[in-house]
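Enquirer: Assemble the whole structure, with the sequences as input and the hints as a guide.
As given, the protein sequences belong to chains A and B, one line each in that order.
Those letters in the first sequence? Residues 41 to 208, per our numbering, in order.
Those letters in the second sequence? Residues -10 to 405, per our numbering, in order.
One or more hints might be untrue.
What the hints assert, rightly or not - Label-pair restraints from in silico Cβ distances: (1) Leu231(B) x Gly164(A): 39 to 45 Å; (2) Ala152(A) x Val245(B): 35 to 41 Å; (3) Ser151(B) x Ala171(A): 29 to 35 Å; (4) Gly134(B) x Ala182(A): 25 to 31 Å; (5) Gly73(B) x Glu72(A): 25 to 31 Å.
What the hints assert, rightly or not - A few chain A residues that face chain B, going by a derived Cβ cut-off under 10 Å, partial list only: (6) Leu43; (7) Arg46; (8) Pro195.
Everything labelled a hint here was simulated from the structure, so no lab data went into it.
Quick caveat: nothing in here was measured; it's all calculated off a predicted structure.
Glycine included, every Cβ here is placed at the ideal spot set by N, Cα and C.
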Amino acid sequence: MLLEGRVWRFGDNVDTDQIIPARYLNMVDPAELARHCMEDADATFAGKVQPGDILVAGKNFGCGSSREHAPVCLKAAGVSLVIAVSFARIFYRNAINIGLPILECREAGRIAEGDRLEADLGAGTIRNRRAGEDYRAIPFPAFMQEVIRAGGLVPFIREELKRGKAGG
Amino acid sequence: MTLAEKILSKAAGKEVGAGDVTVVAVDVAMIQDGTGPLAVRQLEKAGMVRVANPNKTVLFLDHAAPSPRKELSNDHRALREFAGKTGCRLSEVGEGVCHQLIVEKYAAPGQVIIGADSHTCTAGALGAFATGMGSTDVAVGMALGQTWFRVPETFRVLVRGSFPPGVHPKDLILHLIGLLGADGATYKALEFDGPTIREMQMPGRFTLANMAVEAGAKAGIFPSDGITRSYLEQAGRGGEWLPLEADPDAAYERTVEIDVSDLEPTVSLPHTVDNTRTIGEVAGTPIQQVFLGSCTNGRLEDLAVAAAILRGRKVHPGTRLLVVPASRKVFLEAMDSGHLRTLVEAGGMVLAPGCGPCVGVHEGILGDGESSLNTSNRNFQGRMGNPEGFIYLGSPALAAATAVGGVLTDPRDFLE
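Expert: The structure is reproduced here in C-alpha cells:
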C-alpha cells in the first residue's frame, strides 16, 4: 500500500485531548469532528490540512484518553498517514480499527514541515523527496493492511462475514 | 509467571507468556458517555446489537453528568435505550465515576476487564488485568465476550519505606511517572509489590493503579492479598476473592525500586504528567481553582485528608474549591463523617458524583490564563475545556493546603 503527501510536523506527547478535545466528543459526523482536529495544539490546522497530507510527530503520539474520535477526526480531516517515533498503545489499536494508516519510524525527527514523502506501508519504507533520504519504519503486517483497505475493523468483519457466506 | 501472565493465561485457557498474542475471555466490559455512543453505533453498523454478558457489561453516565447541553443529553438517552434493548447494566447520572463504581461493585481478582476509557487500569489494584481500549475494540468485546491481547512484558515496581507525614500514595505515583516518563512503560504492565505496598490499603492502591496509563502502561496490577480480601468483604463481595501472587521466578523486563521515606510532596506541572517537581521547587505559584475529586483521588480517605487540613480554616479568597465525591457511596459516607460539612464551611462547593471538571465538558472550566490544582490524573493542555488554562496535579493534602494558601502550598505546613 503506497501513500504520498505533504508533511505537517508536531512534537512529542501529542495527546488525544489536543487531537480532539472532549467538548466535541458528542459529534457523530466525522466531517464535523474534522473541523476541530488538532484544535488545542494548533487551532489553524483544520483549516489548512489537505486530503492526502501526512502528519509527522515525535514520541508517544496519541497518549492519554482512549477516545477513538482522535484517529477518526484525523482520517476525516484528510490525513492519509501518521508517522511518529512511537505511538501510545490505545491510539495504535484505535487507528487500525478505524482504518487510519500509521507508521512507527525512529528517524521521524529528520522529517520537516512541508516535506513531501512517499511511504510503502507493507515494506515499511519512507522516501523524503525534499531531503533525498530514505527511512526505515516498522512494516505494517498484511492483516492490518487488509483492515485499513476495508476502512476499519467493522467493515472488515462485515466483508469477512459476506465472503464466508458466499463461499458456502 | 508475572501477574499479567497468570491472569491472561487463565482467561486464554492455555499458558501464555510475554510477547504472545492471544484471545481471552472478558469478565467485565464497560463504556461511558464520552466513548460509549460511538461503541453503540459501531455495534449497530456491524449488525450486532447484542451483548454476550449483559450483567457484566456496564454503561456509565459520568463524564458529562448532569448534562450541560442537549446534544450530550441525547447521548445519555441513546445509552439508556441501548441498555434497555440489550439488558446491560446502566449507571445513572449521579451514581459516580465509572472506575470507582467498577471497583466498588464489579471488579475482582483474576478477572479481565476492558473499558472504553484509559483509566480502566484502576481495577488492577484488585488483582485484575484491567485496561483501556477504543470504542470499536470494546464494542467487539461486549458483543463477543472475548478480545485479543499481546501479553505485555512487566516492569516490577518495588516500594519500601514509610510515608513521611504529608506524603501520600499520589506523591509516589507522580514521582514514579516522573522517573519513567510519559511513555516509559508503553505497552508494558506495571506490577506493584514490596513491603510498603503490602501495608497499603485499597484506596492508595487504586490511586497507583489508576495512573499506570500516564506512563503509557497497559495495566497496573497488584497482588491479591488479605487487604484485597477485607475490601471485598466490606463491599459484601468476599466470595469473589481469590489469592493471586506472581511466581518467585517470574521474568521482569525491568525492576524499579523506590523508598518512600525519601519522598516529598510532588506536583506535576503543565502540560504533561511526567513534568514533576517537589513542592519546594514550585511553592508560591498562584492557583485560582482547586479540584478535589476524580477516579484518582475522590474517595472517602482523600476527602478526610483534605478536611483535616481545612477544618477551622478558610479557602483563600482568590481561589475556589470544587469537591466531587467519586461515587454516591463516597458522598454518603463523607456526609455521615462530617467531612463535607467541614469542606463546605471552609468555603468549598460540592458537585455531583462523577468525573466533574476533570475532562472539561460540563463544569469548572478554566478562564484564560487561570491555573487549577487537581487531585485528578491528567494535566494536558486544554484538558479542562480551555487550552489557555494551566493544570497542576497533586495529592488531596496538597490540594487542601493550596486551597488555604491560594498558591501551591506544602501540606507539611499544616501538620500538627
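Enquirer: Take the hints in turn and mark each one as holding or not.
Expert: Comparing the hints with the structure gives:
| no. | hint | result |
| --- | --- | --- |
| 1 | Leu231(B) x Gly164(A): 39 to 45 Å | holds (44 Å) |
| 2 | Ala152(A) x Val245(B): 35 to 41 Å | holds (36 Å) |
| 3 | Ser151(B) x Ala171(A): 29 to 35 Å | violated (56 Å) |
| 4 | Gly134(B) x Ala182(A): 25 to 31 Å | holds (28 Å) |
| 5 | Gly73(B) x Glu72(A): 25 to 31 Å | holds (27 Å) |
| 6 | Leu43 | violated (22 Å) |
| 7 | Arg46 | violated (25 Å) |
| 8 | Pro195 | holds (8 Å) |
In summary, the structure is inconsistent with hints 3, 6, 7 from the numbered list given earlier, while agreeing with the others.
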